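Undergrad: These protein sequence lines are chains A and B, in that order. Using my numbering, the letters of the first sequence map in sequence onto residues -14 to 60. Using my numbering, the letters of the second sequence map in sequence onto residues 441 to 687.
Certain hints may be false.
[Claimed, not checked] In silico SDA-like cross-links for lysine to any residue, where the CA-CA straight-line distance does not exceed 20 Å:
hint: 1; chain 1: B; residue 1: K552; chain 2: B; residue 2: V586
hint: 2; chain 1: B; residue 1: K569; chain 2: A; residue 2: S21
hint: 3; chain 1: B; residue 1: K569; chain 2: A; residue 2: P4
hint: 4; chain 1: A; residue 1: K45; chain 2: A; residue 2: E18
hint: 5; chain 1: A; residue 1: K32; chain 2: A; residue 2: M(-14)
hint: 6; chain 1: B; residue 1: K569; chain 2: A; residue 2: L16
hint: 7; chain 1: B; residue 1: K606; chain 2: B; residue 2: G675
hint: 8; chain 1: B; residue 1: K569; chain 2: A; residue 2: D1
hint: 9; chain 1: B; residue 1: K563; chain 2: A; residue 2: E17
hint: 10; chain 1: B; residue 1: K685; chain 2: B; residue 2: Y664
hint: 11; chain 1: B; residue 1: K606; chain 2: A; residue 2: G24
hint: 12; chain 1: B; residue 1: K563; chain 2: A; residue 2: L16
hint: 13; chain 1: B; residue 1: K486; chain 2: B; residue 2: E656
hint: 14; chain 1: B; residue 1: K486; chain 2: B; residue 2: V502
hint: 15; chain 1: B; residue 1: K566; chain 2: A; residue 2: E5
hint: 16; chain 1: B; residue 1: K606; chain 2: A; residue 2: M25
hint: 17; chain 1: B; residue 1: K566; chain 2: B; residue 2: E656
hint: 18; chain 1: B; residue 1: K685; chain 2: B; residue 2: P584
hint: 19; chain 1: B; residue 1: K519; chain 2: A; residue 2: D0
hint: 20; chain 1: B; residue 1: K569; chain 2: B; residue 2: V671
hint: 21; chain 1: B; residue 1: K606; chain 2: A; residue 2: D1
Please keep in mind that the hints were generated in silico from the structure rather than gathered at the bench. Remember, it's a predicted structure, so these values are computed and weren't measured experimentally.
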Amino acid sequence: MNLEEFVNGFAEQFDDTDPEEIQAGTVFHELEEWSSLTGMAVIAFVKTAMGKKIEGKELKACVTVEDVYNLVCSK
Amino acid sequence: MAANPFSLEGKTVLVTGASSGIGRSTAVACSNMGATVVVNGRNEHKLAETLALMAPGSHVVVAGDLTGDVAALVAQMPKLDGIVHCAGIGHSKLCKQIEADDIDLVMGVNFKAPVLLQAELLKQRKVNKGASIVFVASLGYDYPNVANGVYCASKGAIVAYANCLKLELAQRLIRVNVISPGMVWTDLIVHGGMTEESLREDEQNSYLFHQYNQPEDIAYLAVYLLSDATVRMTGTNVHIAAGAKRL
Ligand SMILES: NC(=O)c1ccc[n+]([C@@H]2O[C@H](COP(=O)([O-])OP(=O)(O)OC[C@H]3O[C@@H](n4cnc5c(N)ncnc54)[C@H](OP(=O)(O)O)[C@@H]3O)[C@@H](O)[C@H]2O)c1
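The shape of chain B in the complex, shown without the other chains (with noise of 0.2 Å):
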């Protein structure tokens, strides 16, 4: 073991949704810690300011949408010892107003996205004995909410396959965690439709710490998770709320 057994020095880790938001901060904080970042998300110029944030390294740029060709992305890719599924979206709509238009959005990015990158990942060899493979799902997944429906079965939908995963991946010492946040300052609930000023209101009501999570909270604790600190722990799934009383 490393004498830092939170260091992620000399491992490669994949973080997808890391042109925003807790992806970004998710791979900054991997190559602070000594990783090397496969960073994708569609925003190439995005891309580019999480790059320039990073420390320096030999990281991938590996550009494209998830919900598409999803194994030629993989082909670019080097091999793993970690990989963090952030990419997702949010949504929010009434039940009584869901259409399947909407069921195909969220649940194509939240859920079947990460799945089918997850199995071409697999079958094209590129996760390494002794990974860590970390989904950020979220506290939704358990605290109900309004206009969130489709969203929040999106992220029970993934908790659920993350169970499945880790039975499976288990001979070759491959762990799967999950990261349960609740609300996190980041343009998915800025640009959310909730005025910031409401958002600013339930902070200082609906968290005991009053104050929402920051995208590098949950970065930590990603690193944590990635890190040799971790390589007994599997099928757990962490809350990370600053308290949240209901979300």
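Next comes chain A alone, as it looks inside the complex (with noise of 0.2 Å):
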């Protein structure tokens, strides 16, 4: 998967943000609706769609979407 890939999962994961507003660089803490559901989902979305497992821990320390990515990928 992509970057670009990526960050379009990493959006359908959310229920009321604007998918244009997510983009690679987005620092995702800051969005409104980021809450630790959001981040349960986008936990999942990485062990189904990439077969990769992240925690909770990990994903907290990231601050952009792209640190998501290359985060999975160094798995």
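From these two lone chains plus the hints, build me the complex, please.
TA: Here it is in structure tokens:
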């Protein structure tokens, strides 16, 4: 999965946030809708779509969506 | 809040199982209360009959099997303020007769289908903030009944699922409630294998009011749960059963 596809999949985990608002450089913790539930959705998305397991703690340490992508790729 | 808190004016509501029984009554009652209704069922002829009973409006028919390609059905739907998961089938077999196919059939329609429909509605962002979701389960989830093992289990499963769904949607002020009816006079019980005579007898003996519910009784409760009168009511399971002592 390339970065663009990952960003799209990441954006799909939100219910109200406009997908356009989510880019590789987006600081996702600052999005109004970001919550522990969205975090769980992202972790499950990474598991289902990419077969990789990331931890909540690791996700917390990421700043941008691209950081998450790099984290997943490093697994 | 609307002047009449029980009104559904301005709301768009999806009703599954709208081609018959409780779902049909619910679609009609919702339209009478001002809602735009999206009706689902497989039988298009019977859906058209439902539409003819409804108050005029820009209602939408999305016919199709909920155990099939549900993503395609959801894609045809507008954004929703209310959902009534009513489609379901009855089933009657003694526990020693149950086969794998029975479980697949009953769990498929009564559990898997509403769960996957709900997932798809959320994925395709069709559920508005502050929406109301209603599952029509059955008192059977708690009242045991001979030859109803798989059916009752399918209803217990949906009650447990609804309980979890409410946690996940609370952030968007979406409420999730369950209606658990006792026996209701619909095709489901009339064609369910028991004679009408034995049903009439049961109605007399097992219900404090000596009558089963009518589909519209359940519909009015659904309207209440869909209306702004219940914006701060979530996670309840309302029993409606004319004082059933047992099922
Ligand atoms: N009647 C009772 O005593 C009673 C008591 C407690 C709970 N309930 C529950 O109430 C709900 C409605 O039952 P009812 O009594 O109104 O029964 P009904 O008159 O037989 O109606 C069942 C509805 O479900 C729809 N349906 C069935 N399988 C479907 C599928 N694969 N895809 C899409 N739609 C499907 C049918 O539409 P099509 O045939 O057009 O597809 C029909 O509109 C059910 O969940 C039932 O378990 C009923």
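Undergrad: The structure should be examined with respect to each hint, and the outcome stated for every one.
TA: Cross-check of the supplied hints:
| no. | hint | result |
| --- | --- | --- |
| 1 | B/K552 x B/V586 | violated, 23 Å |
| 2 | B/K569 x A/S21 | holds, 18 Å |
| 3 | B/K569 x A/P4 | holds, 17 Å |
| 4 | A/K45 x A/E18 | holds, 15 Å |
| 5 | A/K32 x A/M(-14) | holds, 13 Å |
| 6 | B/K569 x A/L16 | holds, 17 Å |
| 7 | B/K606 x B/G675 | holds, 6 Å |
| 8 | B/K569 x A/D1 | holds, 8 Å |
| 9 | B/K563 x A/E17 | holds, 19 Å |
| 10 | B/K685 x B/Y664 | violated, 25 Å |
| 11 | B/K606 x A/G24 | holds, 18 Å |
| 12 | B/K563 x A/L16 | holds, 19 Å |
| 13 | B/K486 x B/E656 | holds, 17 Å |
| 14 | B/K486 x B/V502 | holds, 13 Å |
| 15 | B/K566 x A/E5 | holds, 18 Å |
| 16 | B/K606 x A/M25 | holds, 16 Å |
| 17 | B/K566 x B/E656 | violated, 27 Å |
| 18 | B/K685 x B/P584 | holds, 11 Å |
| 19 | B/K519 x A/D0 | holds, 12 Å |
| 20 | B/K569 x B/V671 | holds, 11 Å |
| 21 | B/K606 x A/D1 | holds, 17 Å |
When held up to the earlier numbered hints, the structure conflicts with 1, 10 and 17 and fits the remainder.
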